[in-house]
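A.B. asks: Protein chains in written order, with numbering that gives the first Met the number 0: chain A, 0 to 316; chain H, 0 to 316; chain L, 0 to 316.
Derived by calculation from the structure, the hints in this document are not laboratory data. Among the clues, some could well be false.
If several chains are the same, the list does not tell them apart, and a pair holds so long as it fits within one copy or across any two.
To be verified - Listed below are the simulated DMTMM-like cross-link pairs for lysine to aspartate or glutamate, each with C-alpha atoms no more than 25 Å apart in a straight line:
hint : residue 1 : residue 2
1    : Lys117    : Glu95
2    : Lys260    : Asp99
3    : Lys130    : Asp288
4    : Lys117    : Glu237
5    : Lys252    : Asp99
6    : Lys161    : Glu41
7    : Lys130    : Glu43
8    : Lys130    : Asp283
9    : Lys260    : Glu95
10   : Lys188    : Asp31
11   : Lys160    : Asp267
12   : Lys130    : Asp9
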Amino acid sequence: MSRSLQLGPDGRLVHLLSTEGLPAETLRHILDTADQFVSVNEREVKKVPLLRGRSLFNVFFENSTRTRTTFEIAAKRLSADVVNLNIGASSTAKGESLLDTVWNLQAMDADMFVVRHKEAGAPHLVARHVKPGVHVINAGDGRHAHPTQGLLDVYTIRHYKKDFSRLVVAIVGDILHSRVARSQIHALKTLGVPEVRVIGPRTLLPADVERLGVRVFHDMAAGLRGCDVVMTLRLQSERMSGPLLPSAGEFNKAYGLTPEKLAQASPDAIVMHPGPMNRGVEIDSSVADGGQSVIMPQVTFGIAVRMAVMAILAGNA
Amino acid sequence: MSRSLQLGPDGRLVHLLSTEGLPAETLRHILDTADQFVSVNEREVKKVPLLRGRSLFNVFFENSTRTRTTFEIAAKRLSADVVNLNIGASSTAKGESLLDTVWNLQAMDADMFVVRHKEAGAPHLVARHVKPGVHVINAGDGRHAHPTQGLLDVYTIRHYKKDFSRLVVAIVGDILHSRVARSQIHALKTLGVPEVRVIGPRTLLPADVERLGVRVFHDMAAGLRGCDVVMTLRLQSERMSGPLLPSAGEFNKAYGLTPEKLAQASPDAIVMHPGPMNRGVEIDSSVADGGQSVIMPQVTFGIAVRMAVMAILAGNA
Amino acid sequence: MSRSLQLGPDGRLVHLLSTEGLPAETLRHILDTADQFVSVNEREVKKVPLLRGRSLFNVFFENSTRTRTTFEIAAKRLSADVVNLNIGASSTAKGESLLDTVWNLQAMDADMFVVRHKEAGAPHLVARHVKPGVHVINAGDGRHAHPTQGLLDVYTIRHYKKDFSRLVVAIVGDILHSRVARSQIHALKTLGVPEVRVIGPRTLLPADVERLGVRVFHDMAAGLRGCDVVMTLRLQSERMSGPLLPSAGEFNKAYGLTPEKLAQASPDAIVMHPGPMNRGVEIDSSVADGGQSVIMPQVTFGIAVRMAVMAILAGNA
Chain A
0 MSRSLQLGPD GRLVHLLSTE GLPAETLRHI LDTADQFVSV NEREVKKVPL
50 LRGRSLFNVF FENSTRTRTT FEIAAKRLSA DVVNLNIGAS STAKGESLLD
100 TVWNLQAMDA DMFVVRHKEA GAPHLVARHV KPGVHVINAG DGRHAHPTQG
150 LLDVYTIRHY KKDFSRLVVA IVGDILHSRV ARSQIHALKT LGVPEVRVIG
200 PRTLLPADVE RLGVRVFHDM AAGLRGCDVV MTLRLQSERM SGPLLPSAGE
250 FNKAYGLTPE KLAQASPDAI VMHPGPMNRG VEIDSSVADG GQSVIMPQVT
300 FGIAVRMAVM AILAGNA
Chain H
0 MSRSLQLGPD GRLVHLLSTE GLPAETLRHI LDTADQFVSV NEREVKKVPL
50 LRGRSLFNVF FENSTRTRTT FEIAAKRLSA DVVNLNIGAS STAKGESLLD
100 TVWNLQAMDA DMFVVRHKEA GAPHLVARHV KPGVHVINAG DGRHAHPTQG
150 LLDVYTIRHY KKDFSRLVVA IVGDILHSRV ARSQIHALKT LGVPEVRVIG
200 PRTLLPADVE RLGVRVFHDM AAGLRGCDVV MTLRLQSERM SGPLLPSAGE
250 FNKAYGLTPE KLAQASPDAI VMHPGPMNRG VEIDSSVADG GQSVIMPQVT
300 FGIAVRMAVM AILAGNA
Chain L
0 MSRSLQLGPD GRLVHLLSTE GLPAETLRHI LDTADQFVSV NEREVKKVPL
50 LRGRSLFNVF FENSTRTRTT FEIAAKRLSA DVVNLNIGAS STAKGESLLD
100 TVWNLQAMDA DMFVVRHKEA GAPHLVARHV KPGVHVINAG DGRHAHPTQG
150 LLDVYTIRHY KKDFSRLVVA IVGDILHSRV ARSQIHALKT LGVPEVRVIG
200 PRTLLPADVE RLGVRVFHDM AAGLRGCDVV MTLRLQSERM SGPLLPSAGE
250 FNKAYGLTPE KLAQASPDAI VMHPGPMNRG VEIDSSVADG GQSVIMPQVT
300 FGIAVRMAVM AILAGNA
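In isolation and in its complexed conformation, chain A is listed as follows (with noise of 0.2 Å):
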């Protein structure tokens, strides 16, 4: 479903929802486009006209200034007129719903919506009732997916390491609520990465993650042993203090990204989150911000990978 809801009949991307149901050769054609967009962030004057006249609205039903600014610096790179919205306060408090709400947008000429919400399916449902032409790009929706993270992650993990083909990667943490983590591994698993592990507590596993394709580990050693890619997760703060973990303490002695721990990944093993970081919980400073993190340059690429994106639907690459 989610397939035939992103891609058009001819297989040309129409949404981007999750990087689950996407062929390789789309992530690929995201990644190539991706690549000359670093380059344009490279120069004085970070700046194209590929959406130059298009409306693009950041419609935030949950609020993050940090993925809204990587959305929006996107945009003007490439640009767009960008206005952002930060509901919540304003029309959803005035009864409207999430549909009346687009509906209302889209009856302004909008080219391209950048949706998050709390619920899951939020954009999906967007995507099912905006115009031809229209489209809709997922920037988080509940648990479910945040599908420009798994691909700038993928993008990360190709700049350094190449080739897909013969990688172990690692996601360490908390995969049950991480929609960071669904969508970093479909990406991965369709890229053609032969092995991805998850590691964590049980009560932070989903019960059947093993359908997912991913060998599960609980000790943090035996999971990061030979590992290419070790990607930590965010420890939401509500979960440190919940009924599935003893305590943030406890997780950071189990699982913490430590450089004793890393010593046990590849020696050239790169280390990657996806911000913002619990230092001292789910990372260390040392391992953070040492000589295998690449964690600013997920950043970089992040922009590079957003503008792919909205290039890419836009019908301009």
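With chain A fixed as given, assemble chains H and L onto it according to the hints.
C.D. replies: Frame of chain A; chains H and L shown alone:
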């Protein structure tokens, strides 16, 4: 007074504060100019350089994401530099007056102010105190006026009905608290609509409403009979449980626009609503989304009308 | 230390953190550059392409719509892409540090940060940790500095008085808590103003204020006598009922700038205020709006000065 404040000695529009007092030729000039912008907004590159390098400030003393967005997107499509100010928690909280706030922004070489305020007359006060060459647009002041809404409504009617001179137009609901209704009535009368009706319970009609030149109906069926245009108003949620109404359900039974009630109107009558809608209160979903509804085109035309007003004020249309 | 952080090895301005430590030639270069932008802002098309394609982030850890607006409009008139971040409810609430927030934005290929923070020294911390080629402007840090305000003040004085070398300048009010006063004093002294006076009650003057090279007055009439420039400071509302002052009314009686008190100054003295004003507290309306007031020109020049600082930092002026 409004006339002399809105029109210069040569009859040109200087500020848009109210549809009241604007001559028919001014209204028609705005509508004719909007025609051109409707086609701009249908293009891929929805942008013209008419306000390039001009500084437009959206100064919202009363929050409204929806209305702010319409002015923001209109200004950006004219290539203006737009700055949004949500005042309330900022300068006025620091004890600064409305005029000091505006004078301060004016000193930044502002070209245009879009002002929304909960007090009636606030935009007029601003207009009386800005320098020559600075223009003010009222984006809603208390119960007084919302002229761009009134203009987009008459634009929509002209688009679908062509000729104002034989129309029967009904406005339904809470006329008493509606700045929209006031702006609609003035514009409709000026443009020569022979019969404007208002339909609502006594408690939601102004005592002297006939003085506006309208026919008053308390019975919905009688009021809608033979109408060409049905304009439903939003029922503010604070009215629904207030002393003026028994309940939202009772209101819906008597004045909510259902297919049955709409059948009283002319078969080719159009249905309008300023949004956001309370579905199931003042309008049923089957009508709002039905074949006679032009509610989404209203939004589309609203952008073009706001672009027209801005371009005319700037002296470029 | 401030000097070495603000100026490169070749003496070029790298960051603007404080007027303290900036040589006179640097200050004059900023003022001379601002001259050109004053005329740009008087044009219909208030736009030059000096920062086209550059990404400027307004990172406000302390909310200020007014100050944020001045930087936003300055950057837009230089054709930069501007992103506003109101931090406090966002990333820092998620436990992210100031530096992590800035590093994250820097990784988006930021060119310039405008930083406001309630802690003194925060913009210096940022400046010490950004990459070469990234520039930081202090938009107010605690009680420490507000250098663009200090610069626009000396710009205004130069505009009206031409020559600094014979001036007597008085700064009146709450010097103790004012980052504005500090920035003014450093700039005035560096540019060769022979006599800078501070006037205020003992409780609102720093203990060692003479070390800044100023003359101290507790009596308003004596302090204003023969002054060429009177700079009144805003009295923060929390002081008005605080332990340092009897009351706002008492303050007004002793130090509020009235026409009578102003008569002690030179007949052609100019009156300045950084805004927003507490009319009837530190300044009477008849003075604020009177013939000697240059408070609105200060705002106008403030945009040009901020444009000048941005253009110089970007290496284009």
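A.B. asks: Against this structure, judge whether each hint is valid.
C.D. replies: Structure-based check of each hint:
1. Lys117 x Glu95: both (17 Å within a copy, 21 Å between copies)
2. Lys260 x Asp99: Result: close only across copies, 23 Å inter versus 50 Å intra.
3. Lys130 x Asp288: So lysine 130 and aspartate 288 pass the 25 Å test across copies only (15 Å; inside, 45 Å).
4. Lys117 x Glu237: Within one copy, since 15 Å is at most 25 Å while 28 Å is not.
5. Lys252 x Asp99: Classified as between; 23 Å across copies, 48 Å inside a copy.
6. Lys161 x Glu41: within (21 Å within a copy, 43 Å between copies)
7. Lys130 x Glu43: between (37 Å within a copy, 15 Å between copies)
8. Lys130 x Asp283: Classified as between: cross-chain Cα gap 23 Å, same-chain 47 Å, threshold 25 Å.
9. Lys260 x Glu95: between (50 Å within a copy, 24 Å between copies)
10. Lys188 x Asp31: Answer is within: at 18 Å inside a copy they meet the 25 Å cutoff, but 57 Å across does not.
11. Lys160 x Asp267: within (10 Å within a copy, 65 Å between copies)
12. Lys130 x Asp9: within (18 Å within a copy, 45 Å between copies)
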